[in-house]
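K.L.:
Modelling step: build the complete structure from the supplied sequences, incorporating the hints.
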Amino acid sequence: MTDPQLTPVLEKVSAGVRLDAADALALYHSHDIIGIGHLADSVRRKRHGNKAFFVYNQHVNYTNVCVNHCRFCAFSRRKGEDGGYVMTVDDVAEKLMARIDEPIREIHMVGGINPDLPFSYYLDLMKTIRTIRPDATIKAFTAVEIDHLSRISGLSLEDTIQILKDAGLAMLPGGGAEVMSTRVHDALFPRKIGHERWLEVMAKIHEAGLTTNATMLYGHIETIEERVEHLLLLRTLQDKTHGFTAFIPLAFHSGNTRLSHLPATTAHDDLKAVAIARLVLDNFDHIKAYWVMIGEKLAQIALNFGADDLDGTIIDEKITHMAGATSSKGLTRERLEDMIRSGGFEPVKRDSFYQAVGA
Amino acid sequence: MDMLKDIQFKLERHERLDAQDALALYDHADLLMLGTLANKRRWELHPEPVVTYVSDRNINYTNVCISGCQFCAFFRPPGHPEGYVIDRADLDRKIEETLSLGGTQILLQGGMNPDLHLDYYIDLLTYMKSRFKIHIHGFSPSEIVYLSQISSLSVKETIQKLMAAGLDSIPGGGAEILSDDIRQKISPNKCSVAQWLDVMRVAHGLGLKSSATMMFGHIETKHQIIEHMMKLRDLQDETHGFTAFIPWTFQPENTRITVKPATAAAYLRVLAISRLVLDNIPNLQVSWVTQGDKIAQLALAFGANDFGSTMIEENVVAAAGVNFRLPRSEIVRLIEDAGYTAHQRDCFYHVLD
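Line order of the protein sequences matches chains Z and F.
Taking numbering that gives the first Met the number 0, I'd label the letters of the first sequence as residues 0 to 358.
Taking numbering that gives the first Met the number 0, I'd label the letters of the second sequence as residues 0 to 352.
Since the hints were derived computationally from the structure, they do not count as laboratory data.
Among the hints, erroneous ones may be present.
[Stated by the list, open to error] Pairs of lysine-lysine, DSS-like flavour, derived with a Cα cap of 30 Å:
no. : chain 1 : residue 1 : chain 2 : residue 2
1   : F       : Lys4      : Z       : Lys45
2   : F       : Lys4      : Z       : Lys50
3   : F       : Lys155    : F       : Lys132
4   : Z       : Lys45     : F       : Lys39
5   : Z       : Lys11     : F       : Lys39
6   : Z       : Lys50     : Z       : Lys239
7   : F       : Lys4      : Z       : Lys11
8   : F       : Lys9      : F       : Lys39
9   : F       : Lys39     : Z       : Lys50
10  : F       : Lys39     : F       : Lys4
11  : F       : Lys259    : Z       : Lys348
12  : F       : Lys208    : F       : Lys93
13  : F       : Lys93     : F       : Lys128
14  : F       : Lys221    : Z       : Lys50
15  : Z       : Lys50     : F       : Lys259
16  : F       : Lys39     : F       : Lys221
[Said to hold, decoys possible] Far from chain Z by the CB rule (all over 10 Å, computed), these chain F residues:
no. : residue
17  : Phe8
18  : Glu11
19  : Glu43
20  : Leu44
21  : Gly82
22  : Ile85
23  : Leu90
24  : Ile94
25  : Leu115
26  : Asp118
27  : Arg200
28  : Val350
For every residue, glycine included, the Cβ atom is placed at its ideal position computed from N, Cα and C.
P.N.:
Okay, structure coming up:
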């Protein structure tokens, strides 16, 4: 640690004392990236030793038609706009069957808020997944979609969740919160639910016995204070419900969005997001680095800065092709495991509940 | 680990690390410990929170080459339809563009082309110097050894003639790994270790400065990596002519060496160890060309104090399918975001702005 401003933080971490907003801000303002890394790494090692988890999953984005039209989003299309699509249940089945020979343990399914899709469509999707991949965990719908579903189902939020659970929903991904700040909400995603509702929905999900992830989209217009506030809100809810499994900082990419003038996040931004989350979210088991957004190289290094879990699309390439770059479809499992080992960690293939699974 | 504690004490007392120490660091020190040690050494050598960069362009006057190195995706054999020798109009345009972008030097390198003799080089340098006020950082030891052989001149005479025509400094390329064992396998037609070192010794003796490089992550061993650093250190003790060390990882695509590309962790480890071992080479440069902008920025905390070049043009690594580009504004942004002040420098690491 070379930054004297961080000495109080170091003392707290060594004594196992919870960090507060001032500590988090001091960490964010510091340029002592190695010192910050050391702190986060010490916490990571205590929890997970040198394990680096990854899950072999498949993504399904059932529609990109969305009424929310968030300013940071390059994915959504308005109804009728060119490039808009809705997957039928058969389309989803086909997509799953295309990779049926791969050891996929988790289906990650999210999509836009498309007002033309009835509640029955969502239940049909789940049924299809359960039929084709009975052993995979269905990790589907952000709190934003759950809120929407509770309105179109005609049922209470609790009953909606129960029906989804009965249909096979086992986990929620962590998206939709972006940055939990009214200012950012009103500026970037005014049509989407705000953080109070997001937290409320997540609390109900946790009460129903489902676990979820949590994310933060950083690197756009948010301030450092807002990033810290976001972490503290998550921590407070976690103290109550213990339902969050992993936190994933998501580096904002501005291309093709209405914020395309904003520069990309830097390595310092990305590693601080991981490290400071590890230090502040003392009640979250896992911190994930998402290589699709920060790149493979930095994701590997993030393992030393507090991350114990890696996420991104994995492909099981049958042709071993050693010098290949990451294909547009994903990272080969072999390359991912090499990357983890070369970083000095032990790769652990896991299920959605962080149990190690075999080949 | 006791050995690591001993090494830390040595570093605190500014004692020189030996090969065994370097190996212990390589095998046992974790990444953040290496970063801490290398970062400390960086601040001792450069107490100001400054990171320098140079604005230059890599002009490859020819891609025709008889060396045929296994790791190279850029060369074309003589007679190949994609072989070229740069024409004067192109050269003029490139240099003009460089100057208009605030560039201060041309890194001039090319293949060992059997059609080009010493007079070509002298003409080229004379031409460039007569038309443009620009620093020429040119030719690797491999090109100089080749030239001296085909001209039947000594290395010293060859360099003297090049200097007289306008050569201002020599880049540290062609080093790859300074082990003849390795060179026999990956670049048998290029200069040997002794020849590479000799060119630098002679050049430094004539008053030319140079950088030194290392390309690793192919078939070399960790012992050879460390040996490479020791050889540079020994020569530097004699001549004090190296301004900087630049290690980078081999990029396998489109080459004849099939290996998995070395990871960012491997790069940062070697970078940090080089900062600790090369106690007599003042500057350590990041390789954003091979590592990308994010790892390059992070590398500033692993011992490096220089961001390299804005590379208005770069063709050699790009031929291996790796083409990151960083304009000056982005380099400055990354440096400042990491907490330093960015300064443009010249070839001798003097600040210009």
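K.L.:
For each hint, tell me whether it holds in the structure or not.
P.N.:
Hint-by-hint comparison with the structure:
{"no.": "1", "hint": "F:Lys4 x Z:Lys45", "verdict": "22 Å, holds"}
{"no.": "2", "hint": "F:Lys4 x Z:Lys50", "verdict": "26 Å, holds"}
{"no.": "3", "hint": "F:Lys155 x F:Lys132", "verdict": "26 Å, holds"}
{"no.": "4", "hint": "Z:Lys45 x F:Lys39", "verdict": "26 Å, holds"}
{"no.": "5", "hint": "Z:Lys11 x F:Lys39", "verdict": "24 Å, holds"}
{"no.": "6", "hint": "Z:Lys50 x Z:Lys239", "verdict": "28 Å, holds"}
{"no.": "7", "hint": "F:Lys4 x Z:Lys11", "verdict": "26 Å, holds"}
{"no.": "8", "hint": "F:Lys9 x F:Lys39", "verdict": "13 Å, holds"}
{"no.": "9", "hint": "F:Lys39 x Z:Lys50", "verdict": "29 Å, holds"}
{"no.": "10", "hint": "F:Lys39 x F:Lys4", "verdict": "15 Å, holds"}
{"no.": "11", "hint": "F:Lys259 x Z:Lys348", "verdict": "21 Å, holds"}
{"no.": "12", "hint": "F:Lys208 x F:Lys93", "verdict": "24 Å, holds"}
{"no.": "13", "hint": "F:Lys93 x F:Lys128", "verdict": "14 Å, holds"}
{"no.": "14", "hint": "F:Lys221 x Z:Lys50", "verdict": "25 Å, holds"}
{"no.": "15", "hint": "Z:Lys50 x F:Lys259", "verdict": "22 Å, holds"}
{"no.": "16", "hint": "F:Lys39 x F:Lys221", "verdict": "24 Å, holds"}
{"no.": "17", "hint": "Phe8", "verdict": "19 Å, holds"}
{"no.": "18", "hint": "Glu11", "verdict": "15 Å, holds"}
{"no.": "19", "hint": "Glu43", "verdict": "12 Å, holds"}
{"no.": "20", "hint": "Leu44", "verdict": "15 Å, holds"}
{"no.": "21", "hint": "Gly82", "verdict": "25 Å, holds"}
{"no.": "22", "hint": "Ile85", "verdict": "30 Å, holds"}
{"no.": "23", "hint": "Leu90", "verdict": "33 Å, holds"}
{"no.": "24", "hint": "Ile94", "verdict": "30 Å, holds"}
{"no.": "25", "hint": "Leu115", "verdict": "32 Å, holds"}
{"no.": "26", "hint": "Asp118", "verdict": "41 Å, holds"}
{"no.": "27", "hint": "Arg200", "verdict": "36 Å, holds"}
{"no.": "28", "hint": "Val350", "verdict": "21 Å, holds"}
Hint compliance for this structure: no hint is broken.
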